Amino acid sequence: MGISPTSHPSGPRLPRTALGWWAAAVGIVAAAGVVVSAATGNAAVYTLAFLFALVSGVLGFLAMFRSRSEATYFLPRTPVGRWTVGLFAAGFVLLFLRLAPTAFAAAFAAVATGLLSMLRYGERSLLVLVLMLLPAVFLLYFFLGEFVFPH
Amino acid sequence: MTGSVLPRSPIGRWTSVFGLVLVAALVLGLALGLARRAPDGPPFMLPGAGVIEMMPAAAAFFLGLIGILHYRERSFAVWTATVLGGLVLAAGTAQDLLSLIQFGTGG
Numbered sequence: 005m006g007i008s009p010t011s012h013p014s015g016p017r018l019p020r021t022a023l024g025w026w027a028a029a030v031g032i033v034a035a036a037g038v039v040v041s042a043a044t045g046n047a048a049v050y051t052l053a054f055l056f057a058l059v060s061g062v063l064g065f066l067a068m069f070r071s072r073s074e075a076t077y078f079l080p081r082t083p084v085g086r087w088t089v090g091l092f093a094a095g096f097v098l099l100f101l102r103l104a105p106t107a108f109a110a111a112f113a114a115v116a117t118g119l120l121s122m123l124r125y126g127e128r129s130l131l132v133l134v135l136m137l138l139p140a141v142f143l144l145y146f147f148l149g150e151f152v153f154p155h
Numbered sequence: 771m772t773g774s775v776l777p778r779s780p781i782g783r784w785t786s787v788f789g790l791v792l793v794a795a796l797v798l799g800l801a802l803g804l805a806r807r808a809p810d811g812p813p814f815m816l817p818g819a820g821v822i823e824m825m826p827a828a829a830a831f832f833l834g835l836i837g838i839l840h841y842r843e844r845s846f847a848v849w850t851a852t853v854l855g856g857l858v859l860a861a862g863t864a865q866d867l868l869s870l871i872q873f874g875t876g877g
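If you read the sequences in order, they're chains A and B. Take my numbering: the final residue in the first sequence is number 155, and no numbers are missing along the way. Take my numbering: the final residue in the second sequence is number 877, and no numbers are missing along the way.
If you're looking for bench data, these hints aren't it; they were derived computationally from the structure. Heads up, a few of these hints could be off.
[Said to hold, decoys possible] Okay, the calculated beta carbon distance ranges per label pair: (1) A:77 to B:797: 18 to 28 Å; (2) B:800 to A:146: 44 to 54 Å; (3) B:867 to A:78: 28 to 38 Å; (4) B:774 to A:100: 35 to 45 Å; (5) A:93 to B:865: 31 to 41 Å; (6) B:860 to A:39: 19 to 29 Å; (7) B:797 to A:22: 23 to 33 Å.
[Unchecked claim] Derived contacts from chain B toward chain A, CB cut-off under 7 Å, selection only: (8) 780; (9) 784; (10) 824; (11) 829; (12) 832; (13) 836; (14) 861; (15) 863; (16) 866; (17) 872; (18) 875.
[Stated by the list, open to error] Far from chain A by the CB rule (all over 12 Å, computed), these chain B residues: (19) 774; (20) 775; (21) 776; (22) 781; (23) 787; (24) 794; (25) 797; (26) 800; (27) 801; (28) 822; (29) 827; (30) 831; (31) 844; (32) 850; (33) 858; (34) 867.
Since the structure is predicted, the reported quantities are computational estimates derived from the model, not experimental observations. Idealized CB from N, CA, C, for every residue including glycine.
Can you make the complete structure from the sequences, with help from the hints?
Right under this line is the structure:
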């Protein structure tokens, strides 16, 4: 679905496309899941909520690209985008080497480089998008988990 | 971009922001580190203060590195943030490796 000429031209870009509405809907379900899991103490619901959050993030960025009529591609085309992939891979390897703090740092750097490449350098790679959102959601999952399920 | 104090590219500005966040985290870490010595302190955030500092350090270091290597960013702020980020990241990684050697797990 393209941009409707009668929709709010000066309003937010996201809800102008069907994908944007889906992103918002899935995001609301994710937020509701976190609230329900906090109220009931159900860890499965909490995990599921973050899977929904990941999907919502991907849909949201795709909606943003679509609202600007920008084409997406799979592999990164900017240096910052390529570094995002490298940092994610490094974080993944470090996690398996049981160097969790360094892995978290690499994941955070991947999120920062990914966001920068998307917002400032016109990167439209699906790989970068997913590899940026995965650690972002993962870090948020652990951080919020400390509050939702206190030790 | 030679000789400037403040960055002029987006990546330089982001590097500087993460550099500032890192300095704030280091100052906060010092304050929390003092509180950590209390026996019944908050359970989760304080032991992880080193990890929290490593995150902006990694972001500042890698963004600065990308800016210097790929986007000809040579401002003083970017160099400072990159070097500071690199030092904190190296210290954290060394501590992580030592912990892995001593206890079989990082952290």
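Taking the shortest Cβ-to-Cβ distance between residue 787 of chain B and chain A, state whether it exceeds 12 Å. violated (10 Å)
Does the no-contact call for residue 775 of chain B survive, Cβ to all of chain A over 12 Å? holds (21 Å)
Hey, is residue 774 of chain B genuinely clear of chain A, shortest beta carbon separation above 12 Å? holds (19 Å)
Going by Cβ atoms, does residue 794 of chain B stay more than 12 Å from chain A at every point? Fine: 15 Å to the nearest Cβ keeps residue 794 of chain B off the interface.
31 to 41 Å as the expected CB spacing between residue 865 of chain B and residue 93 of chain A, which holds or is violated: violated (23 Å)
Is residue 797 of chain B truly not at the interface, in the sense that its beta carbon sits beyond 12 Å from all beta carbons of chain A? Residue 797 of chain B clear of chain A: closest Cβ-Cβ about 19 Å, beyond 12 Å.
Confirm or reject the claim that residue 77 of chain A and residue 797 of chain B have a C-beta distance inside 18 to 28 Å. violated (42 Å)
If we take the beta carbon of residue 867 of chain B, is the closest beta carbon in chain A still more than 12 Å away? violated (7 Å)
For the hint on residue 832 of chain B, does the least C-beta distance to chain A fall short of 7 Å? holds (4 Å)
Is the interface hint for residue 872 of chain B satisfied, with its Cβ closer than 7 Å to some Cβ of chain A? Nearest chain A Cβ about 12 Å off; hint violated.
With 12 Å as the threshold, tell me whether residue 850 of chain B passes as away from chain A on beta-carbon distances. Per Cβ check, residue 850 of chain B is outside 12 Å of chain A; nearest 18 Å; holds.
Identify whether the interface hint at residue 829 of chain B stands, where standing means a beta carbon of chain A within less than 7 Å of its own. Since chain A brings a Cβ to about 4 Å from residue 829 of chain B, closer than 7 Å, the hint holds.
Against the hints set out earlier in the document, violations occur for numbers 1, 2, 5, 6, 7, 14, 17, 22, 23, 28, 29, 30, 33, 34.
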